[in-house]
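Fit chain V to the supplied structure of chain C, relying on the hints for placement.
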Amino acid sequence: MIINHPILGPRDAQEFVYLGDASLIHRPDGLTASIEAFHDYTYLRANPAGLHRELWYHEQGDRSWLVVTRNTVTHEITSVELARDVARSEGRSK
Amino acid sequence: MTQSNRIAGGQIDRSQTFRFHFDGLPYLGHPGDTLASALLANGVRLMGRSFKYHRPRGPISAGSEEPNALVELRSGARQEPNTRATVAELFDGLTAQSQNRWPSLKFDALSINDRLNSFFTAGFYYKTFMWPASFWEKVYEPIIRRAAGLGSLTKLEDPDEYDKGFLHCDILIIGAGPAGLSAALTAGRSGARVILADEDFRMGGRLNAETFALGDQSGADWALAALAELASLPNVRLLNRTTVVGAFDHGIYGAVERVSDHLPVPLAGKPRQTFWRIYSKRAILAGGAIERPIAFENNDRPGIMLAGSLRAYANRWGVAVGDRTAVFTNNDDGLRTAVDLQAKGVDVVAVIDSRENSELLPGIRHLRGAEVTNSAGRLGLSQITVRMADGRTETLKVNALGVSGGWNPNVNITSHHRSRPVWREDIAAFVPGSGEIANLLVAGAAAGSLSTHGALVTGDEMARKALEGLGISAISAKLPKAEDAPVRIKAFWHVEGASRAWIDQQNDVTVKDIKLAHQENFTSVEHLKRYTTLGMATDQGKTGNVLGLAVMAELTGKSIPDTGTTVYRPPYTPVALGALAGRGRGHEFKPFRLTPSHKWAEEQGAVFVEVGYWLRTQWVAKAGETEWRQSVDREVLATRKSVGICDVTTLGKIDIQGTDAGAFLDKVYANTFSTLAVGKCRYGLMLREDGIVFDDGTTARMGPNEYVMTTTTANAVTVFRHLEYCRQVLWPDMDVQIISTTEAWAQFSVAGPNARNLLAKVVDQDISDAAFPYMGAGNITVGGLRARLFRISFSGELAFEIAVPTRYGDAMIRKLMEAGAEFDAVVYGTEALGVMRVEKGHVAGNELNGTSTALNMGLGKMVSRKKDSIGMLLSQRDGMTQADGLRLVGVKPANPAEALKAGSHFLKTGAAATAQNDEGWLTSLVYSPHLGHHIALGYLKNGASRIGEKMRAVNLLAGTDTEVEIVSPHFIDPEGERLRA
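The listed protein sequences derive, respectively, from chains C and V. Sequential numbering from 16 applies to the first sequence in the working numbering. Sequential numbering from 6 applies to the second sequence in the working numbering.
Just chain C, same shape as in the assembly (with noise of 0.2 Å):
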């Protein structure tokens, strides 16, 4: 596969570590969540065949992780953003 980073252009695939489910951005905060919550968080996944927003780390590259919307079904890579913008523009700061 062909990852085209945001910054460094098209970069193969063999040179980003794969995370999973970008909805780890929506960390609770531990002393406020339950117990529960933060086990939904950590545990459960959507497993869509279709679209799929996924982290990725450029760990032989620029050490930028990604959030890289996938086709689980066709591979066809629709995005690829810096996750820090995306996690900033979902409201995640300090």
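Since the hints were made in silico from the structure, they are not lab data. One should not assume that every hint holds.
[To be verified] With a straight-line cut-off of 25 Å between C-alpha atoms, the simulated SDA-like cross-links for lysine to any residue are:
(1) C:K109 <-> V:D738
(2) C:K109 <-> V:I659
(3) V:K169 <-> C:Q29
(4) V:K871 <-> C:Q29
(5) V:K286 <-> C:I92
(6) V:K872 <-> C:L39
(7) V:K595 <-> C:Q29
(8) V:K955 <-> V:A916
(9) V:K470 <-> C:H90
(10) V:K286 <-> C:V95
(11) V:K872 <-> C:S108
(12) V:K872 <-> C:R42
(13) V:K871 <-> C:S108
(14) C:K109 <-> V:K286
(15) V:K286 <-> V:K470
(16) V:K871 <-> C:G106
(17) V:K871 <-> C:Y33
(18) V:K871 <-> C:H90
[Said to hold, decoys possible] Stretch-level coverage of chain V by chain C, calculated; a stretch enters the list once three of its residues show a Cβ under 8 Å from a Cβ in chain C:
(19) 54 to 65
(20) 631 to 642
(21) 728 to 736
No residue lacks a Cβ here, since even glycine has one placed at the ideal position from N, Cα and C.
Here is chain V on its own, set in the frame of chain C:
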């Protein structure tokens, strides 16, 4: 032996003669021959025995689709089993052996299986070897493996090298027949970067095997001229002997180039094969078509082959397989074989045409509406039985029969992304489905354009389409006039008969087996395949699959498309594992990382151990030490008595800077770091989000906004990845920057009562206890060179870790040893390190095993609940916090003279050794030279409150059962007085 079956013509170089051996007998051939064409030229039709029934077999094809003619090529360590003789390029001195026969090819003892065929039908294994279940592994399987083998492995190391490489292009063209050459000419002239790959050593595809003219040239000459032009274009790369084996994602194709398989041994410095990863923007599949047989009784005899292959042997290789030939066909293409062979002077006895209304061939006995019903001949064809249109039968003496059941477009690669081919009734074949692989176009026969004209035109068309997509303006070649015969076929699959008619010759699947599968309701194609093994051999059913499907369709009364289709997966042809491994074998399997003191340690005769990619000193044997324990015990005692030095560079080192560095560490560590004083270190415990311990290490605060983290050697990479994840994904606005400095610093532990005395001689600063107290950290200098010093200890002794820039690491170890001479300083390796950490009760990899919590390790109080950190909340959930859960304990044998066994489980005295009574296990075991007996760490249920209890450590594998005492994990200096000395 003479080349009795060699006839005039062909693209072989008769000016040179090659000598080769098959099953020990000498033969002659020419450059341009394959092993199969050369053997056929020498009158050898019998080349192998079938998989299940051990039937005599010869080649049925002249290409990579070959199911039968599998041989062991070469000898010694280079011997390769299951090589298709039809694609093995002949070279001088080649040797080959037939396989799956004993004692000889002509007399095979296991051909008894053929007589017992009624027992060996589809589902035989499933039905026969089910009872008793325990017999499968020990009795049935070894016997079956021996009897139903393919070729044998030498079990010698492969002496050749393999390579992997990367290629990039605008347009990859797969197949260099008329369609591929036409596409390459258009794409090449237009300036696109083109790769043209073909599995054959001679490009041209069917143009080399046919007698058609292209314009005023022969097909083969036109191909040569086209190739010469392509070779002159700098933007075109021609890869012959290169099979594109798979279509992967985003325009990436895998291809195997057989760089040296046509040579006795590879040239110096050249690989045997190269596995190419080809990155293309567009690809054009011009893979041609593969002929399929018609099934009839005993249609597997040597001498019976596909009609197109029979004429390929005549036209390309100048070989008449037999001197009395017949053709059995259901389509016009089969007639060409009869015409070509007769033109070459071969006696064509008859053409048996299943169609009643086909155009009558002039000058040949053309039997329309007839069928071949059977064949005879002990080790090769000698006669066929023909049933005429009027029902009368006739026996014909022939020693070669060409069979044509029509041509299947080579859709193989188009189905690598799950797309299914679609049926085209007019040509009675599957063609590629639409919208299959992004940016892959299909041209020529592979797309169902089965004439030469159609191939040339669609090749050009697809090249234009690809160029348009790339924004390159197309310059087309003027295409020569070529034959454009329509496909005239009347689908006809098999001749009804009482005996066996073969569909998949490699796996010995017959029409009868398909009927049995149908009778037992295995009618879906997926079931059909698995029940009968149709298409599951190394040829992947290239010739047999569609035929099998058609027979099933007849039986179910459904149409072929309603019955199913056949999809292919990569690889297109078998790939040697060596080619996939490339250079990554033996010592090159993975990279090695060497510590800065490696050279020095080598000079001392150190024994090294692999730790991840690192090689670390395990121990250093001194004169007179013959057993590893002697060296390790000495290193431990000398360190505890005076001073020892250990290279600890392999531990991960991460610099963490920024105004939020402290807050960031509070998030990633379970304990608190924002409150750590500048110039101090603290032990840190890192959890995973699920509450399990991830890693540990000491982290020092070097400045208000600057920390240095250490990780375990094993987790250096994953911890760094995790920190980047936390920093970018979870807390993107934190002002924190991180960089791995593992390779930037050479770091040495200096431990023992004389550690300070030794270091004081080396460093420029005051390092007295007052100036540099326990858990102190700071930037210092060594003879003016910048360095870092940490007063931390893994051994439990007074200890420091000193770091200098890596390029000074070798100088540093020499300087430390020189300064330590007066203290009898030793270097200790990972074994002594392990002994001392167990003596001190420190956890390491055996305890940080991916299932342990902080509570298990006795470190539960370290998890701060006053702040949110990774894993904090889930470490509190049910099941992780039981008061009587596993806790870290120390263990010693009740009788100090007794040894303990690693992997032992703890049981109460008198309890039976069953899983229900298991109370925990021993994690780390060492011999403590300090105490003079074995000591261990372990996890024990409710361990913290069981100190002093006598239990048993049982190891059922080793057969040991030892009385032990549960003790504190701190075997030496429990108060930590030595650390603070």
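Results of checking the hints against the structure:
| no. | hint | verdict |
| --- | --- | --- |
| 1 | C:K109 <-> V:D738 | holds, 5 Å |
| 2 | C:K109 <-> V:I659 | holds, 21 Å |
| 3 | V:K169 <-> C:Q29 | holds, 14 Å |
| 4 | V:K871 <-> C:Q29 | violated, 41 Å |
| 5 | V:K286 <-> C:I92 | holds, 15 Å |
| 6 | V:K872 <-> C:L39 | holds, 20 Å |
| 7 | V:K595 <-> C:Q29 | holds, 16 Å |
| 8 | V:K955 <-> V:A916 | holds, 13 Å |
| 9 | V:K470 <-> C:H90 | holds, 24 Å |
| 10 | V:K286 <-> C:V95 | holds, 19 Å |
| 11 | V:K872 <-> C:S108 | holds, 17 Å |
| 12 | V:K872 <-> C:R42 | holds, 15 Å |
| 13 | V:K871 <-> C:S108 | holds, 20 Å |
| 14 | C:K109 <-> V:K286 | violated, 42 Å |
| 15 | V:K286 <-> V:K470 | holds, 12 Å |
| 16 | V:K871 <-> C:G106 | holds, 24 Å |
| 17 | V:K871 <-> C:Y33 | violated, 32 Å |
| 18 | V:K871 <-> C:H90 | violated, 44 Å |
| 19 | 54 to 65 | violated (count 0) |
| 20 | 631 to 642 | violated (count 0) |
| 21 | 728 to 736 | holds (count 6) |
Checked against the numbered hints above, the structure violates hints 4, 14, 17, 18, 19, 20; every other hint is satisfied.
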